[in-house]
Every structure is written in C-alpha cells, then in structure tokens.
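Asker: Below are the chains, spelled out letter by letter.
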Amino acid sequence: MNESERLVELIPRLRRYARALAGDRATADDLVQDTLERAWSKLHLYRRGTDLRAWLFTVMHNVHVNRVRAKRPTDPLDEAMPELASRASQGDALLVRDLDRAIARLPEEQRAVLLLVTLEEMSYDEVAQTLAIPIGTVMSRLSRARDKLRAMMLGGVAAKLKVIK
Amino acid sequence: MSDEAPITEAELQAYADERLAPERRAAVEAWLAARAEDAERIADYRRLGGALRAAFDPLLEEPVPAHLARAARRSAGWRRFAVAAACAVLGFAVGVPAGWQLAGTRPATLSPSDAVFMARRAAIAHVTYSPEVRHPVEVGADQEAHLVAWLSKRLGVKVRAPKLDDAGLALVGGRLLPGESGPVAHFMYQTQNGRRLTMYVRAEASKNRETAFRYSRENNVSVFYWVDRDCGYALASADLTREELLNVATLVYKQLEP
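Here the protein sequences come in this chain order: A and B. Numbering-wise (our numbering), the first sequence opens with residue 1 and increments by one. Numbering-wise (our numbering), the second sequence opens with residue 1001 and increments by one.
Hints listed in this document are in silico derivations from the structure and should not be mistaken for laboratory results. Glycine included, every Cβ here is placed at the ideal spot set by N, Cα and C. Not one of these hints is a red herring.
Some chain A residues well away from chain B (every beta-carbon gap over 10 Å; in silico):
| hint | residue |
| --- | --- |
| 1 | THR58 |
| 2 | ASN66 |
| 3 | ALA70 |
Derived list of chain B stretches under chain A, where covered just means 3 residues or more per stretch with a C-beta under 8 Å from a C-beta of chain A:
| hint | segment |
| --- | --- |
| 4 | 1013 to 1025 |
| 5 | 1042 to 1050 |
| 6 | 1058 to 1067 |
With the hints as extra help, turn the sequences into a complete structure.
Answerer: Pasting the structure below:
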C-alpha cells in the first residue's frame, strides 16, 4: 500500500482527533485538510518504514499549534474556574458539549497528551515521539489533564482540592 | 507487598489505561484497595476515557468528506513522491515543495497539451543551441550574476542557475528565447567531456500551479519537465541518459525550493 492510500485510511482518525482538539467540526476538518497538505509538502521528511500514523499526528500537532498561536493567546485553565458541567447533563449531545468545553479549557499541551492516549490509544512512547517530549512529561501532563478534566466534568470538592504533582 | 517498589503516579495513570504489567497491576490494586479516594479518582479517569471515546468515536464511522480524500490522494503529490522514492533508490534525495495550495482553491493543473508544448519547445531549443561550438550562449558563465539578473528581469520572476557540479555539469551560460507567451530563460550546462544539458525556464501566468515531474522524448532528446509555482521548467539533453537527467532534475528541484 502506498503512502497516499495510507493517508486516506488514516483520515477518520485524524478527524476524530482534530474534532476533539479543535472543538468544532468545521475547524477540525480545516485542520485535517491543512495537515494533509502539509504532510504532502513534508513527505520527504518522513522516513519510510517508520510509523506513518505517529508522523502524521506530529504534523497535525504542529499545524494545530501554529494555528492556535496565530489565532489567540492561550487561555490556560484557571484552577479556580467554576465547574462546567453537572451530573444532571443528559444525552450524548450534552455530553459532547460538556466535554468540548472541558477539553477546550485544558492547556494545549495537556489536551494533546490526553487525546492521543485516550482516543488514539497511542502508547506513552508513541505519544512522546509524536509530540517530541520526554516520556516523563507525557505522564505528568496526562495526570494533570485527567485531574482537571475530572474536576470540570465530575465536579466535587475532593477532586478540586486534590493536588497532583 | 508493602516492601515492593512504591506506586508512582505514572503507574496509576498506566493502570487507568489498563497498560500495566500483571504483577504491577496486582500491586496497584492492593494499594488502591486501601485508598478509597485514589481508587475513586482512577475509576473516574476510566469513566472519563469512556466518555471521550463515546463522544468522538462516531467520527470514525462517518464517510470521509470528498475534499479531504482528495487532499490525501493528491495524485501529483503522489507522483512526486514516487519520483522521490525512485531518487532515494538511486541515492538522491528530493524535496516536495512547501506551499501546496488548498485543493479547492487551486487552479486546474497544467493541461497536458500545454506541458507537452513546453517540453517540445525545450527540445527544439536544445537541438538548436547545444551543437553550437562558438556561440552556444549569449552570456557566459563568467558573467553569471549579470546573466541571472538579466533573465530574471526579462521574465519578471526570480530565475536561478542551479549548481549542478554534483552531476558533473558546469554552467556554460544562458540566453533569452522567445516563448509562446513571453520571454524564456535558457541555460546551458556541460560535462568535462562536452556532453550538454539545457534548462528551459518560462514564467507561469497562473501562480501556484504545480505538476508532477514528467518525462518525454522528442526525437533523440530526453526532456524532464514540471511546473513549480512561478515557473515551468524543462531539462533537455540528447547526451545524458534518463537516469542522469532524473538526477539533475532532483538537484535542480532541491535548489529551487525556497
């Protein structure tokens, strides 16, 4: 199978990740498109025989970071931020909306780690490789991301007070 | 069990992801059994993971929008990649240009007849000038800076004379030619034993078009041609083999990348 076909095969996964990363469908598909364009322009940097998926997610990560940087200053999670969701939220649409809002509140670098681990089910090593960060950083970002997401989605004083190194 | 290595936060994360080796899994479970708060926290992590997948996995089942499939297939890109792969086999590297335009906004690719026409003009120019012994070029390589500045000015785009020493080719010089839609820059190179190659460069009316490398043979002249952004290029030689020409094309291509 050539790279072109493999790129096509990976589109649904890119879309899923992009959707979670970007927060809405249109932005996500723009991100996927930019990623594919960029992948073609950078294909000479891809070493054949290595993991095309990890490489492609690296490209997407870089494209995303550049877009975010160009668009707005980052809005890191304020620790004292009010709870976004309540357990009363029912239905998929509400869940997705709440998750979107909560994910959007995560610092960029934590969000990427959480989504690659949870959605892409990448190994921690693959995440480290994809984002070009040490594995220790992967683990600490994952821990922080989960803790914040938990505080936002599930609320609860205990979760908020919990201090994770 | 309490004598074993302490449970780290990283292990708790791995446990939440069900990625711990069995022996450590047992240790973590024993550890969590005595710590209700942490146990609840890890259970929440798993629940949140499930919620994330439930929220976003449906995207995997959706049909891929046509414009994205097109962006992924990018046949010209693929052909370029095939060339790059072929070059890699031959021991050369070639870049793929930055600055692809969005598929939807790009003008149609160069029509084959137009490109073939350029290749033919390049072949004609090659057979016209390359046998010249006394007047192969208008401006010699000794005035390269002037030559390049002059041709750039006449074409209205920045033209460069690539260094082809790696292919054993030295610049002889260049000239201005009439093209079907404007002036054309024509560079000549030759090897130590006098084998010649010419490079035909024309300004492209519509910017940001890109085509794959194409190869054609006009009588005895091999031509490699492509369009990249501002310019159309055709390398022609009656003396070099197809492989040598491909090598030169990759050298040229690399150097023309911004």
